[in-house]
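**Student:** Given chain A, work out where chain B should sit, using these hints.
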Amino acid sequence: MKRFEYKVPGGKLLRAKVEVEDGKIKFLQLTGDFFMQPETDLEELEARLIGCPADPAAVEKAITGFFSAKRTVMAGACPADFAHVVNQAIRA
Amino acid sequence: MPNRFRFLDLKVNDAYTNMAVEEAITKARGEGRSPDTLRFYMWKPSAVTLGYFQSVEDEVNLEALNHFGFYLNRRISGGGAVLNSEKGEITYSVVLKEDDPRVSADPVESYHYLCQGIVEALAVLGIKADFKPINDIVVAGKKISGNAQIRRYGAVLHHGTLLVDFDAREMFGVLKISKEKLSDKMIQQAEDRVTTIRRLLGRQIGFPEVRDALEEGYRRALDADLQKGRLTPYEEELVNQFKARYASREWIHRR
Chain A
1 MKRFEYKVPG GKLLRAKVEV EDGKIKFLQL TGDFFMQPET DLEELEARLI GCPADPAAVE
61 KAITGFFSAK RTVMAGACPA DFAHVVNQAI RA
Chain B
93 MPNRFRFLDL KVNDAYTNMA VEEAITKARG EGRSPDTLRF YMWKPSAVTL GYFQSVEDEV
153 NLEALNHFGF YLNRRISGGG AVLNSEKGEI TYSVVLKEDD PRVSADPVES YHYLCQGIVE
213 ALAVLGIKAD FKPINDIVVA GKKISGNAQI RRYGAVLHHG TLLVDFDARE MFGVLKISKE
273 KLSDKMIQQA EDRVTTIRRL LGRQIGFPEV RDALEEGYRR ALDADLQKGR LTPYEEELVN
333 QFKARYASRE WIHRR
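Going line by line, the protein sequences match chains A and B.
Quick note on this note's numbering: the first sequence kicks off at 1 and runs consecutively.
Quick note on this note's numbering: the second sequence kicks off at 93 and runs consecutively.
If we strip away everything but chain A, and leave its shape as in the complex, we get (with noise of 0.2 Å):
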């Protein structure tokens, strides 16, 4: 399991465990003292990424597209800190 911890400036805490197989995302979970609502979407958006490709254009763009198709309130991190803590993670 590889992870990363990220404070965005001005925002909140984000965290990433990543598990990558066969160059695909095998598990994640995000974790952090961010706001979002509803919050089942944070559920939703690690079960979407399950199976992408573990590269970055790849998770950025999976992560902006889930988030344009919604209407998820945030504070504290936006969709390109998600992007951004998860690819952090895949690298560690």
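Take these hints with a grain of salt, some might be off.
[To be verified] Residues of chain A placed beyond 10 Å of chain B at every Cβ, according to the derived structure:
1. 22
2. 48
3. 52
4. 57
5. 58
6. 61
7. 62
8. 64
9. 65
10. 66
11. 76
12. 91
[Unchecked claim] Result set (DSSO-like, lysine-lysine): computed pairs, CA atoms no more than 30 Å apart in a straight line:
13. B:189 to A:70
14. B:189 to B:335
15. B:224 to A:70
16. A:2 to B:268
17. A:26 to A:61
18. B:268 to A:26
19. A:17 to B:268
Treat the hints as calculated values from the structure; they're not laboratory data.
These numbers were taken from a predicted model, which means no experiment stands behind them.
Glycine included, every Cβ here is placed at the ideal spot set by N, Cα and C.
**Tutor:** Below, chain B without anything else, positioned relative to chain A:
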């Protein structure tokens, strides 16, 4: 015209009951079965309360928690872990309808509005405090109150903790403080980030006096007509229903 609120005065309960009461009021308010509500409460035994999205292993030193005999508990709202100490803080909540014109859809604006009760309460005590986005209240840069909100059931629940005193050995024994977070604020010692009412006043102010200041602070900030009340039978029923979930391992250890 002042705004009418039901006021649930300071009461001490265990963590699971406290969280179940928050959700019960929120649900009943959203359904139009309860009025706008202001609630003050405390915790016994002390408890570490995690934000909804936090993981137990990253935030809590379970060995220390067991050593002190504290409970572990998770909110429905996001935000950070706090130690709800039975001897060091007062917790408060405000519950309004989600479409209440006083509450902005913008999270930071709605925090700002609902945190003013604490800023005013501290002013009553002679302490100059400021709202610090996103969800903190600080005195000279040091945190004295942390807040969280959730919108659910058609209502908004705003809750937070106000530090009266703290025992660094307890707080930093049970809470793991992230190095990333500290380095961002360029502060070496976690203890330097927080302050308390007793420290600022330089005296052992009692909880009744803090409670009175809180009541006056909210009265001013929300232009509130506070009517002392109690939970309705419907809310009591919900509390009994929700309590087991808050006490369950599945809920507490979900992340």
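**Student:** Work down the list of hints and note, for each, if the structure agrees.
**Tutor:** Status of each hint after checking the structure:
1. 22: holds (26 Å)
2. 48: Given a closest Cβ separation of 16 Å, the condition holds.
3. 52: holds (20 Å)
4. 57: Consistent with the label, residue 57 of chain A stays out of reach of chain B, its closest Cβ about 25 Å off (over 10 Å).
5. 58: The claim stands: residue 58 of chain A keeps its Cβ more than 10 Å from every Cβ of chain B (closest is about 24 Å).
6. 61: Answer for residue 61 of chain A: holds, closest chain B Cβ roughly 23 Å.
7. 62: At roughly 19 Å from the nearest Cβ of chain B, residue 62 of chain A sits farther out than 10 Å, so the non-interface label holds.
8. 64: holds (20 Å)
9. 65: holds (21 Å)
10. 66: Holds: least Cβ distance 16 Å, greater than 10 Å.
11. 76: violated (5 Å)
12. 91: The claim stands: residue 91 of chain A keeps its Cβ more than 10 Å from every Cβ of chain B (closest is about 16 Å).
13. B:189 to A:70: holds (23 Å)
14. B:189 to B:335: Holds - the C-alpha atoms of residue 335 of chain B and residue 189 of chain B are around 23 Å apart, at most 30 Å.
15. B:224 to A:70: holds (28 Å)
16. A:2 to B:268: Roughly 19 Å separates the two Cα atoms, so the pair holds.
17. A:26 to A:61: The given pair, whose Cα atoms are some 17 Å apart, holds under the 30 Å limit.
18. B:268 to A:26: holds (28 Å)
19. A:17 to B:268: holds (17 Å)
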